[in-house]
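Fit chain B with the ligand to the given chain A structure using the hints.
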Amino acid sequence: MKLLTLNFLTCAIKACKSSPASFPLHPRDVELEIVESDINLPFLKNILPRLMWAELRTIAAELGLPELPETAPTRDHLVEGKEEAKEGEEVDEVPSQTARDLHRVLLETTVKEGKLVCGNCAHEYKVMEGVPNFLLPGHLV
Amino acid sequence: MSIAHTQGAAYEEQHVHSVYEQIASHFSSTRYKPWPIVERFLKELPDGAVGADVGCGNGKYLATNPRVFIVGSDRSTNLVKIARQHEPHASIVADNLSLPHPEGTFDFAISIAVIHHLSTPARRTEAVKAILELLCPPSHPGGGGRALIYVWALEQKDSRRGWDEGHEQDVMVPWVIKGRSQKPHVADQGDPKNQVQDKTFLRYYHLYRKGELERHIEEAGGEVVEAGYEKDNWWAIAVRKS
Ligand SMILES: [Zn+2]
Chain A
369 MKLLTLNFLT CAIKACKSSP ASFPLHPRDV ELEIVESDIN LPFLKNILPR LMWAELRTIA
429 AELGLPELPE TAPTRDHLVE GKEEAKEGEE VDEVPSQTAR DLHRVLLETT VKEGKLVCGN
489 CAHEYKVMEG VPNFLLPGHL V
Chain B
1423 MSIAHTQGAA YEEQHVHSVY EQIASHFSST RYKPWPIVER FLKELPDGAV GADVGCGNGK
1483 YLATNPRVFI VGSDRSTNLV KIARQHEPHA SIVADNLSLP HPEGTFDFAI SIAVIHHLST
1543 PARRTEAVKA ILELLCPPSH PGGGGRALIY VWALEQKDSR RGWDEGHEQD VMVPWVIKGR
1603 SQKPHVADQG DPKNQVQDKT FLRYYHLYRK GELERHIEEA GGEVVEAGYE KDNWWAIAVR
1663 KS
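Residue numbers (this note's numbering), protein chains in the order written: chain A, 369 to 509; chain B, 1423 to 1664.
Here are the simulated DSS-like cross-link-like pairs (lysine-lysine), alpha carbons at most 30 Å apart as the crow flies:
1) A:385 - B:1503
2) B:1465 - B:1551
3) B:1663 - A:382
4) A:370 - A:382
5) B:1503 - B:1621
6) A:370 - B:1551
7) B:1503 - A:382
8) B:1465 - A:370
9) B:1503 - A:494
10) B:1663 - A:385
11) B:1551 - A:494
12) A:494 - A:480
13) B:1600 - B:1503
14) B:1503 - A:480
15) B:1551 - A:382
16) B:1551 - B:1653
17) B:1503 - A:370
18) B:1551 - A:483
19) B:1455 - B:1551
20) A:483 - B:1503
21) B:1653 - B:1621
22) B:1551 - A:385
23) B:1653 - B:1503
24) B:1465 - B:1653
25) A:370 - B:1455
26) A:480 - A:370
27) B:1455 - B:1579
28) A:382 - A:483
29) B:1653 - B:1455
No lab work stands behind these hints: they were computed from the structure.
Only chain A is shown next, with the shape it has when bound in the complex:
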């Protein structure tokens, strides 16, 4: 499971969703795996405004990953030498170091094994072979 996924996940228990403590879920006892993939600059640019930056920083810190910058990068930060480039030259854009770092953290860093813990109710969701499981036991549905 890529870390980007955590940007869109919370506790599956309905009563937790209204509590701010249920987001983000906290990875615990995890085995991380780097799964390399080609960087997709348009995708990164598109996803950027959707990132819950403060929460992602927390997750990165909890996992002992290199610290993310305090404020979210802008789209221009993701492109090398953006200021010299002409308009409409998307295909020739070169990803900046910031873009490569972001790609590394969000898309290439994956949780292989471990659990995701709700900060509100402390329920633990297992991740096995890279697949998080949010099925709840009957009494919690």
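Then chain B with the ligand, alone, in the frame of chain A:
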């Protein structure tokens, strides 16, 4: 949780979830061609849109548009393991009545051939509500999200199954895995040494009557913006009212 709700969940566990878990790889090998309405819906999305595929199965719709980001979910771990291969998307195991997503975050959602597997009217309406709750509300600065829901139709007299108006709506539908090669359409069934018994699994379906999906959407607090019939299925695109 009501008794009907608990019984519905137990019934679906036996007659839907455990079946898909067992037929996952064979089912997946037959599910690769996207339906045109779904393909159109996904391809028309703006670049960078973020959405959910509720009941994503083997993830065949995750491959349709790589310029959006989709979190696919399914009850079947075996199907999710197949769905995982589709980059740049994500796949998780989850129940469609207890989805682990923050409310009001997605630009779009699809749920294709899923809610017809829920065994009571209340649970089907609840499933629609759960999908609508994922969507950005109309008050969102970027506009409200849209959901595409697709269900099997009762009215399909020209299909192989031949159901039509007047038929029982709650049906058990067989899924047959041919004995020998685990593939459909084996050519050499005539050879006795190749004969191994077929295995039949029965899945529960509620076949939707004309107008029924739209009614569920309204009961769930949604508004239908477009709806229609495509090859044995009813479909509707819905938004949240508030
Ligand atoms: Zn919780």
